[in-house]
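Given the coordinates of chain A, assemble chain B onto it according to the supplied hints.
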Amino acid sequence: MTRQERTAWLFSAPVLAIIVLVFIVPTALAMALSVTDYSIYALADWSNLRFVGLGNFADLLSTPLFWRALGNTALFAVLGVPMAIGTSLAVALLLNDVTVHWKPLWRVLLFAPYVTSVVATAVVWRFLFNERFGLINRALNAVGVTPIDWLGNPATSIPAILIFVTWKIFGYNMIVFTAALSAVPQDLMEAARLDGAGLWGRFRHVTLPAIGPTLLLAAVMSVAGFLQIFAEPYVMTLGGPAQSTTTVLYFMFDEGFKWWNLGQASAVAFILFLMILALTIVQTRIGRRYEWL
Amino acid sequence: MSYEGDYSPLLMPPFTAATGIPVEVQSLPTTASHEKLLTAQAGGAMPDVLMLFNGWIQEFATIGAIAPVPTPALVADMFPGVLAATRIKGRDYAVPWSVAPQVQFYRRDILRQAGYETPPGDWDGWRTMARAIKRRRPDDFVFMMLLNWPTALINMLSQAGAVLLRDRDTRGNFQTTEARMTFAYYASLFADGFAPRALSTEVQDPVAAFAQGFFAIWPSGPPTLLDFKRRANELPVDRWSTARIAGPHGPGRLSGLSTSLCVSTTTSRPAEAWALVRHLSSASSELRYQRLIGNLPARASAWSSPQLAAPVLAPFAEQMREPAFSPPVIEWERIQIEIQLAAERVVRGLQTIDQALAALDTRVDRLLAKRRALVEAGKLA
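The listed protein sequences derive, respectively, from chains A and B. The first sequence begins at 1 in our numbering and counts up by one. The second sequence begins at 1 in our numbering and counts up by one.
None of these hints come from the bench; they were simulated from the model. Honestly, I wouldn't trust all of these hints.
[What the hints assert, rightly or not] Taking lysine-lysine pairs in the DSS-like style, the calculated list, with each CA pair at most 27 Å apart, reads:
(1) 89(B) with 258(A)
(2) 379(B) with 89(B)
(3) 168(A) with 103(A)
(4) 258(A) with 36(B)
(5) 89(B) with 36(B)
(6) 258(A) with 379(B)
Here chain A stands alone, though its shape is the one from the complex (with noise of 0.2 Å):
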């Protein structure tokens, strides 16, 4: 070893040690933990604990809840990236407008649920949900819709969660669209509308490619985050009703945490790694077909 080698090795050590010590040792244990019967039993007795080998996920398969929460899942992703991504460009590229007036107002306007508690708002849009007096429902009943119990019922528990939850984050990405938006080519741009390109024309061959990247890291930010949704569930609905909310990882907050089944619980998060591994590779090929890689 060089001596800048070994220069380099001592200073990234303490971040190294930090590493191994909050990261991969939990995680180690947490793979451990999810090949045995770890419950309260053990928490009493350690003599109760066996080892289970692949027993916790075989369990997991053949729990009706489970696929519930997975299919809840994935309901909250397919439906919630789209959402918030489009809303958030859809936002960056009308703040983008050169006929925009008081363009930092607007942002930071817009960015402020982003920064804002979840439980606090949470409680405003439980108000705003509510069937009977409801701002969304006399808004709706101005126009002639008979009023929706957006939060009671299950068939329209997610969507009214993915609206709350798509006006909370949609600041953020529209912060990172303004700032890739203000790198589009203005020359290019110009050229394809003299050239005649429409307005959709223009968005598809100049401002896509210029966004691509970063259109991909939005997506795969939002895909991670939304897989693994819980905390807007939990003060939204706490699952309800009939767990049409309860994701992946509400279902492993209440084995792990609220009954203590860390065997169990421990199993649900390595799935729900591998899920979002396999989804993140899947993203990465492609971004590397688009070479926005």
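Just chain B, lined up with the frame of chain A:
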């Protein structure tokens, strides 16, 4: 937890004055307290003295978190039924403290319009009354039974005499006539529009809803007394009263959300901890607490006080003499939630009663698998 947590600091100054021991009170949110306390036990961070819902005592005793009561004198003067609910295999692990039997709070004015001075005490009568109220107030409801809050349903099951676990409490026993009948009655209250299909997250302010007449009958516990006292300007005191909860053929045994005081096995000051328990569960502290939050004293000698003679307290006092007993399994807290989920599926029309009860048996059998294995291996009585 609950108002007990918010108001117990007021009971501490006399203790500190008498003993010189400062007490720090930490209040936990009720819905998160179970997991917080388990985590505290696993992490070695238990408080010296803690309050537990009676249904959790078995669990915390099993994991070795709470110490047995050192002297019988501490529990000498307790109501026998209340004390029995906190006893594990003949040993006392907790000192009963705040008794919270469920009663029905009812709107006197709404009932009077429908021709009732007091609500009936049996299920058929409840339904007849509900029909009369609903006819006059079609946009409102009669009962408040939250769809994710198991107490009302568990009480109905216990009043109907359903035995919910079998084979030494290692398997679910839900496909019985009693359980079927109870589920059918419970679901019919929703199907007939007498109770709203609502979760606790949807009814943000049940007191205001009760005051506005959104519902007329609210099965609830003594903390509601404090809520009503605080908000007497919204809900004048002559508009409501209490009665025992209706059962299939009249009021019967009910479990409540009563709490007890326990001492952690890991406390470094057991003598002081038990001294604090003695102070908090003394008749004078119990009476002061009753004035503050409404919950009733577990100590029989406290009941000679005129303070407990108020008419609205009479149904509570009767009900606490007839407690119901939950199966002594540590999974019980979770099983109750599963029962409620099964009922919610029936109420929302996602499953028939037979499907829901069969699924419930399967689910509970699974939850009890570990317990079953331990019982069969003779490691658990």
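Compare the distance between the alpha carbons of residue 168(A) and residue 103(A) with 27 Å, and conclude whether the hinted pair is satisfied. holds, 20 Å
Starting from residue 258(A), check that the Cα of residue 379(B) is at most 27 Å away, please. holds, 24 Å
Run the distance test for residue 258(A) versus residue 36(B): straight-line Cα separation, threshold 27 Å. Holds, because 8 Å separates the two Cα atoms, which is no more than 27 Å.
Given the hint that residue 89(B) pairs with residue 258(A), test it: the Cα-Cα distance must not exceed 27 Å. With a Cα-Cα distance of about 26 Å, the restraint between residue 89(B) and residue 258(A) holds, given a limit of 27 Å.
Are residue 379(B) and residue 89(B) close enough, with their CA atoms no more than 27 Å apart? Cα-Cα ~15 Å, so holds.
What's the verdict on residue 89(B) and residue 36(B), does the C-alpha distance respect the 27 Å limit or exceed it? holds, 26 Å
Against the hints set out earlier in the document, no violation occurs for any number.
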